[in-house]
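The sequence shown lines up with residues 1 to 470 when you count with this note's numbering.
The set of hints was computed from the structure by calculation and includes no laboratory data.
Among the hints, a few may not be true.
[Said to hold, decoys possible] Straight-line alpha carbon distances no greater than 30 angstroms define the calculated DSS-like cross-link-like pairs of lysine-lysine that follow: (1) 440 x 219; (2) 219 x 255; (3) 174 x 219; (4) 77 x 255.
[To be verified] Here are the simulated distance ranges between beta carbons: (5) 363 x 77: 48 to 58 angstroms; (6) 449 x 9: 42 to 52 angstroms; (7) 110 x 452: 21 to 31 angstroms; (8) 452 x 363: 12 to 22 angstroms.
If you're wondering where the values come from, they're calculated on a predicted model, not measured in any experiment.
For each residue, glycine too, the CB sits at the ideal point set by N, CA and C.
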Amino acid sequence: MQAELSGMLVITLMLGGWIGIVEWITRHTSISPEWSRKLVHLGGGAGCLLFPWLLSHPLAVLVLAVGFGVSLWLAEKGGLLQSLCRVKRQSYGSLYYPFAIAALFWLTHDDYGLYMSAVLVLTVADTAAALVGARFGRVRFRTGGVVESKSLEGSIAFWVVTFLAVLLPLVLIKSDVSVMQSLLSAFLAATLLTMVEAVSIGGRDNLFVPLIAAFLLLKTVTKSTPELMMQSVSILILFALLPVVNRYGRLLRTKNLMIMSIILYGVWSLGSVDWAVPLLVAILVFLLVFVFTGGRQRRTLVYRRMVLLATPAATLMLLANLTGMFHFLYGLFLAAVLVPVVFGVVVQLGKGRTGWRWSWPQLAGGVIAVAAVLAEPVVMRRAPDTTAVWLLAGVVLLAVWLGIGIMTVQSHPTGGVGAFLTVLGAVIVVGVCQYTGIFKPWRPLLWADVYGREADVLLPWRPDVGGGAQ
């Protein structure tokens, strides 16, 4: 206990002293706002690299995170820290940063190589992207509001620095990981995290980038070289083809396209073909309907907020990896994929007119969408029986019918919240049906089954239900 308190005191003095130095430089020199903010960023990251030597309990790191996070946020918003508050964009990065460090310390406990990689990505790669983008950025793309944009040059700098930040600790510290595994892991991490950083606004990259980096490395370092090569090729193919397909239908804008690419690759990587194909088919089905109807940009939830409705499916995929409940959660995942595409198809074919009564094209479109999405898992015999297939399809169609009908009565026929609740409702019903034994869980294939490796579930809950882990 005394050692923990001593370590906390040393860290507080060290980080507080560095912030004080940067604050003095900011007030007495002409340093740019971006440079002063990133100096705090860099110094804080360097100090965080010492945490494993000074602290041993995650709770101590959490206490420091709460203290520094709240203090920095209040000081920044009150204008007390000129080194942080002079940037024009709105950012909560100084609040997210300490909590990301606390989560990293907990996730990578006793594995300094992974902790170091994630902290370096958070500290050095993010700084490189910001400074290179500000100085040399010419090709820009919008990531949020009118003033929120990032540059291609900054993203390239982020990729290069992330690749090195992941590779060097793995090669120098992780003796149980081969050089080829390290290279492929660094490539995957750099490619995926560059996409994540590019679409993160308001300082959220300080939270998402390091956590995804740690989670990704915890998963990749256990995989064989052939599997990592497959993942590397697949991420290149996906990130190359999806923009081409989207360009034909002009369905998603740049930011949403990148987010959907991240989600689709995450489902492919953490699950398998059985998880990724239904989601990809759902996207293609709505794209075809969108083109078939003349590309009319109706204010449907799926057109405007497709990424929002992909969130439940992505969350279920992540939950399956954390708990090992792959078989139980697969049916819920399919429901989360089906409801958005059926919702979008029905509204799109209704020419903006929605309600309790569907036209024959709407009903046929909804049924065809369900059949198309379920085709791969049914053909590959992932369903426990025919009853499970029919009941899942029925739950989805009934949920969409009720959702659209109720929202029409409430004068919000394509409301975002209502449609999101429709997805959650269908997921809950499918979960209850499986839990009570009305129909058995589906049995999807996992990459662990294909490559014959051991389970590496982070938070095992019911491995007997999961049937394997990624």
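These are the hints, each one checked on the structure:
no. : hint                          : result
1   : 440 x 219                     : 29 angstroms, holds
2   : 219 x 255                     : 26 angstroms, holds
3   : 174 x 219                     : 14 angstroms, holds
4   : 77 x 255                      : 28 angstroms, holds
5   : 363 x 77: 48 to 58 angstroms  : 53 angstroms, holds
6   : 449 x 9: 42 to 52 angstroms   : 50 angstroms, holds
7   : 110 x 452: 21 to 31 angstroms : 27 angstroms, holds
8   : 452 x 363: 12 to 22 angstroms : 45 angstroms, violated
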